[in-house]
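S.K.: Each chain is listed here by its residues.
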Amino acid sequence: MTDAAPSVKSSRAGLFANGFDVGRLLLEGRAYFALIAIIVVFSALSPYYFTVNNFLTMASHVALFGILAVGMLLVILNGGIDLSVGSTLGLSGVIAGFLMQGVKLSLFGVVLYPAVWVVALLSCALGALIGLINGVLIARFKVPAFVATLGVMYMVRGVALLITNGLTYNNLGGRPELGNTGFDWLGFNRLFGVPIGVLVMIVIAIIGSLVLSRTPFGRWLYASGGNERAAELSGVPVKTVQLSVYMLSGICAAIAGLILSSQLTSAGPTAGTSYELTAIAAVVIGGAALTGGRGNIRGTMLGAFVIGFLSDGLVIIGISSYWQTVFTGAVIVLAVLLNAIQYRRQPKAPASSGGSATSPQKAG
Amino acid sequence: MSTTDTRGAVPGDAVLSARNIAKAYGNIHALKGVNFDVHRGKVTTLFGENGAGKSTLMKILSGVVQPTSGVIELDGDPVTFSSASDARDCGISIIHQELSLAPNLSVRDNIFMGRELRTASGIDFAEEASQARALMTELEEDIDPMTLVEDLRLGQQQIVEIARALSVDARILIMDEPTSALSATEVEVLFKVIRDLTGRGVSIVYISHHLEEALQITDYAVVLRDGAMTAKADRKDIDLEWIVRNMVGENYNLGTPPTGHEFGEVALSIEDVSVADVSGSGASVVDHLSLDVREGEIVCIYGLMGAGRTELLECIAGRVPKTGGRVFLKGEEISRLSIADRIKRGLALVPEDRQRDGLVQTMSVGENLSLASIGSFARRMFLSRGRERLMIDRSIRSVHIKTAGGGAAIGSLSGGNQQKVVIGKMLTTEPTVILLDEPSRGIDIGAKAEVFRLLAERAAKGLAVVFSTSEVAECLSIAHRIVVMHRGRISAQFGSGVTKEQIMAASGEAVIA
Numbered sequence: 001m002t003d004a005a006p007s008v009k010s011s012r013a014g015l016f017a018n019g020f021d022v023g024r025l026l027l028e029g030r031a032y033f034a035l036i037a038i039i040v041v042f043s044a045l046s047p048y049y050f051t052v053n054n055f056l057t058m059a060s061h062v063a064l065f066g067i068l069a070v071g072m073l074l075v076i077l078n079g080g081i082d083l084s085v086g087s088t089l090g091l092s093g094v095i096a097g098f099l100m101q102g103v104k105l106s107l108f109g110v111v112l113y114p115a116v117w118v119v120a121l122l123s124c125a126l127g128a129l130i131g132l133i134n135g136v137l138i139a140r141f142k143v144p145a146f147v148a149t150l151g152v153m154y155m156v157r158g159v160a161l162l163i164t165n166g167l168t169y170n171n172l173g174g175r176p177e178l179g180n181t182g183f184d185w186l187g188f189n190r191l192f193g194v195p196i197g198v199l200v201m202i203v204i205a206i207i208g209s210l211v212l213s214r215t216p217f218g219r220w221l222y223a224s225g226g227n228e229r230a231a232e233l234s235g236v237p238v239k240t241v242q243l244s245v246y247m248l249s250g251i252c253a254a255i256a257g258l259i260l261s262s263q264l265t266s267a268g269p270t271a272g273t274s275y276e277l278t279a280i281a282a283v284v285i286g287g288a289a290l291t292g293g294r295g296n297i298r299g300t301m302l303g304a305f306v307i308g309f310l311s312d313g314l315v316i317i318g319i320s321s322y323w324q325t326v327f328t329g330a331v332i333v334l335a336v337l338l339n340a341i342q343y344r345r346q347p348k349a350p351a352s353s354g355g356s357a358t359s360p361q362k363a364g
Numbered sequence: 001m002s003t004t005d006t007r008g009a010v011p012g013d014a015v016l017s018a019r020n021i022a023k024a025y026g027n028i029h030a031l032k033g034v035n036f037d038v039h040r041g042k043v044t045t046l047f048g049e050n051g052a053g054k055s056t057l058m059k060i061l062s063g064v065v066q067p068t069s070g071v072i073e074l075d076g077d078p079v080t081f082s083s084a085s086d087a088r089d090c091g092i093s094i095i096h097q098e099l100s101l102a103p104n105l106s107v108r109d110n111i112f113m114g115r116e117l118r119t120a121s122g123i124d125f126a127e128e129a130s131q132a133r134a135l136m137t138e139l140e141e142d143i144d145p146m147t148l149v150e151d152l153r154l155g156q157q158q159i160v161e162i163a164r165a166l167s168v169d170a171r172i173l174i175m176d177e178p179t180s181a182l183s184a185t186e187v188e189v190l191f192k193v194i195r196d197l198t199g200r201g202v203s204i205v206y207i208s209h210h211l212e213e214a215l216q217i218t219d220y221a222v223v224l225r226d227g228a229m230t231a232k233a234d235r236k237d238i239d240l241e242w243i244v245r246n247m248v249g250e251n252y253n254l255g256t257p258p259t260g261h262e263f264g265e266v267a268l269s270i271e272d273v274s275v276a277d278v279s280g281s282g283a284s285v286v287d288h289l290s291l292d293v294r295e296g297e298i299v300c301i302y303g304l305m306g307a308g309r310t311e312l313l314e315c316i317a318g319r320v321p322k323t324g325g326r327v328f329l330k331g332e333e334i335s336r337l338s339i340a341d342r343i344k345r346g347l348a349l350v351p352e353d354r355q356r357d358g359l360v361q362t363m364s365v366g367e368n369l370s371l372a373s374i375g376s377f378a379r380r381m382f383l384s385r386g387r388e389r390l391m392i393d394r395s396i397r398s399v400h401i402k403t404a405g406g407g408a409a410i411g412s413l414s415g416g417n418q419q420k421v422v423i424g425k426m427l428t429t430e431p432t433v434i435l436l437d438e439p440s441r442g443i444d445i446g447a448k449a450e451v452f453r454l455l456a457e458r459a460a461k462g463l464a465v466v467f468s469t470s471e472v473a474e475c476l477s478i479a480h481r482i483v484v485m486h487r488g489r490i491s492a493q494f495g496s497g498v499t500k501e502q503i504m505a506a507s508g509e510a511v512i513a
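Line by line, the protein sequences give chains A and B.
Quick note on full-length UniProt numbering: the first sequence kicks off at 1 and runs consecutively.
Quick note on full-length UniProt numbering: the second sequence kicks off at 1 and runs consecutively.
Far from chain B, by Cβ distances over 12 Å, these chain A residues were calculated: (1) 39; (2) 51; (3) 102; (4) 112; (5) 128; (6) 132; (7) 133; (8) 147; (9) 150; (10) 171; (11) 181; (12) 194; (13) 205; (14) 324.
Listed next, the in silico DSSO-like pairs over lysine-lysine satisfying Cα-Cα at most 30 Å (straight line): (15) B:500 x B:32; (16) A:239 x B:330; (17) A:239 x B:344; (18) A:142 x B:344.
From the derived model, a few chain A residues whose C-beta atoms are all more than 12 Å from chain B: (19) 52; (20) 104; (21) 118; (22) 144; (23) 191; (24) 273; (25) 326; (26) 327; (27) 331; (28) 338; (29) 340.
In short, the hints are calculated from the structure, not lab data.
Every residue gets a Cβ at the ideal spot worked out from N, C-alpha and C, and that includes glycine.
Start from the sequences and build out the full structure, keeping to the hints where you can.
M.R.: Below, the structure written as C-alpha cells:
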C-alpha cells in the first residue's frame, strides 16, 4: 500500500546520511571541527598554546562556563531561558564570603564560623531557591521566561550589592583555629594533576548526560520542550519538569560561583556579570535549539570549550580584547546560522509526507 | 464597492474553471483530477465530507496552494497563480474557514491589512474608517470600525472576515464555511448580501456543512468525495437526499460493531457536565451533559463543528476545566485529578489535532510511543532500555505501524501511521476507557478501517471506547451506540441500526421532511 513507501524512502535517506553526504557530516560535527580548527590554528601561531599546562589552565576557565551551560541547557531544552545565572553566580560567591567572615548572632553574643562544606551547601541551597523563584514565576504564573529571569537577574544582583555594600570579600582563606579553612580547595587544588573545578564540571556533565538520556525525567524534559501540549496529554508532569530545570540551573550557577570565588579567594558582588550570555552561547554552539526539545550535553560541552579555547587563544597570541569580543560574537552568529540550516533540512527531508499530512486534513 | 465589468458575458457560463486539477501532499492525494466550473453571477456550492478536498480545491483556485497538475482557466484563458495576491489581482477573493484576522488590531486595520489606503503623509485612516463603516452598514452589523477584533464575538469576527473579502473589488468570491459561527439572523443578512452580489455579476463559490442552508442560496451544486468530483447538477434538479447520497457514497466497509462479548460495569460516567466557552462569553459549549459508557462498549459521538465534542472529551481527560457536574471512572470521582493521574487510573485521550497535541515532532517514533508509559520503564532511577525497546516493538506490531523502526523520525510516517502512534502511545498505558477525538481526521480510508478494526478488537477485550466524528459514515461502523451532540447537548441517541438521515437530522445538519 501507499503506507509502505515512506519507510523505504526514509531508510534509504538514512543510509545516505551515514557515510556519503560530506556536507551533512560537516554540519552535524561542526562543533568538533570548530574545536579542532581552533586548537590547530592557535598551536601554529603560538608555541605556548599546545602544552598540557595551558590546556589545564584553559580547561579551568572553561569549567565555569561549562557548569553554567549544563544548567542552561536543561532550561533551553524545556523551551525556556535563564538570564539570572550570572547574578546567581555572583550572589553565591558573596554569600559564601559573607558566611566565611562569620555570622554574628547578637542575641547570643557569639560569632558563628560555619565549616566550608556548610557554606558550600548553603550557597547551593540559595541557588536552588533563586531557581525556584524563577520556576514559580514561569510555571505557575505564566510569566514569560525571558522577562521573569531578567527581573530576577536584577534583583539578585541588587541583593549581592546590598550585602557587600558594593565591596569585595577578600579573606576567604579561613583560619585554622576557627576550623573553616579549605575554601581554596575548589579553586586551587588538583586531583591527578587536574584542577578540581574541571573535575566538578566533568562530574556535573556526566550526571546531566545520564539524567537526560537514561531517566524518565530526561525524556519528560525533551518531550515537554518539543511539544508541551502533547507531553501534558501524555501524562507528563510538565509543571514539575519546568520548575525542576530552573532549580537545577540555579544550583549549577551557585556551584560555578563557589569555584570562581575560590579561584580568586575573593568574592565580589559584580562577579559573573554577562556570564549568562556566554552560557547561552555555549549551548547554542553545541547545537541546541532555542525553541526547545533538541540538544545534548556533549554538544554543550563542546560549545563551552570552543568559546573558552578561542578566547584564551586570542589572549595568548596577543590580540586585543576588543577583537576577542568581535570574534566570539562572530562564532555565535555562525553557530546559530548553522543550527537554522540543520533544523530546516532535517525535518523536511523525511517529512515530505508526514509533515504536510496536516494540510489535507483541513481540507473539505 | 464596485465590481469589475462583466458586460458581454452571459450569466451562468463558466468564469473560472479548474481543469483536471490534482494535488498531492507527499503520498496523500487530496485531489485526483477535478473539473470544476464557477458560474458567472451565480452561486456554486461545493458539497463534500471532511477530507473530501473542498478546502484544498478552493485554496488552489485562490492561489494559496499550487496544484500538482492541471490547469486553471479564467474567462477561458489559462492562468497561473503563484500566490494569493496574484489571484486577488485577478479579482478572486477568499474567505477562509479558519479566521485569519489579527486579534490585536481594530476592525478597520484588519479590513485593510496589507493594502492600506495611502496618502502622501501616510495611511488615510479617515477614508479607511468610512469605507469600513459602509461595509458594516451593508452587512447590517453594528460594529464600530475602531473596535479591536479580539473584543468581538466569533460570529462578528466572521462578519469582519467577510467584509474584508468584500472590500476588495472581487468578481469571484470564495466562501469556505462562512456561516459556521453565525447566528440565524446573521446568516439571513449574509444571504441577502450574497444575492445582492450575484445580482451585480459577482460569482460566488460557497462551501458549507449546513446542507439545507446551502440549498437555500445555491444555483449549482457540485459534490466532491475523496478528492474526486462525484456529481454536479442545477439546483432545480436536486434535493437534500441527492446531496447526501453523493457525499457519502457507497458504504466503504469500516467494520461492524463487535459482538459476542457482554458489556461489563459502567467504566465512565459523566453527570451533568458543563464547559464554558473559552471566549468568556458565559455561554456553555457543553451544556449539562450526562453519559454512561460500559466496559467493552463502543460509543460514537457525532456532531457538527462547534457542537462541543472536543470540549467534552478534553474536559473528561482533564485538559479543559468544567464549570459544573462530575466525572466518574469505574465509580471513582476523578474530577479533581490531574491529567497524569487520570491516565494512571485508566483514562486515555487521543486528541483531535495530532500535530499540535498528539506528537512530539523532535522525538523518534519509539520515544513518542513510550512517552505516556515511560514511568513504568524506570528501574530505580534509570530507564530500562531493553524493556522500553521490547514495549516499542510490541506496540509497533500490535497497532500495525508501518515504520523503519522505533528510531525513525516521526515525520517520516504517513498521516495514518502517525495517528496509530498516538493511539498506540495511549494504549500502552493500559486504559479502561479510551477517548478518541476524530481519530479518522486526515487519514486515508485504508488506515481509517484499520484504526476502527483495532478499536473493535480492544473493545471485545473489555476496553470502553468513545470516539467522536463529523462523518456520518463513521457512526455506522463499529459503534454500538451513537450519541448525537448539538449545541453542547445530546440531541439524540441511537443503536447501530440507525440511518444516516436520522443522524444528520438530529445534529441540526439537515431536516429531511
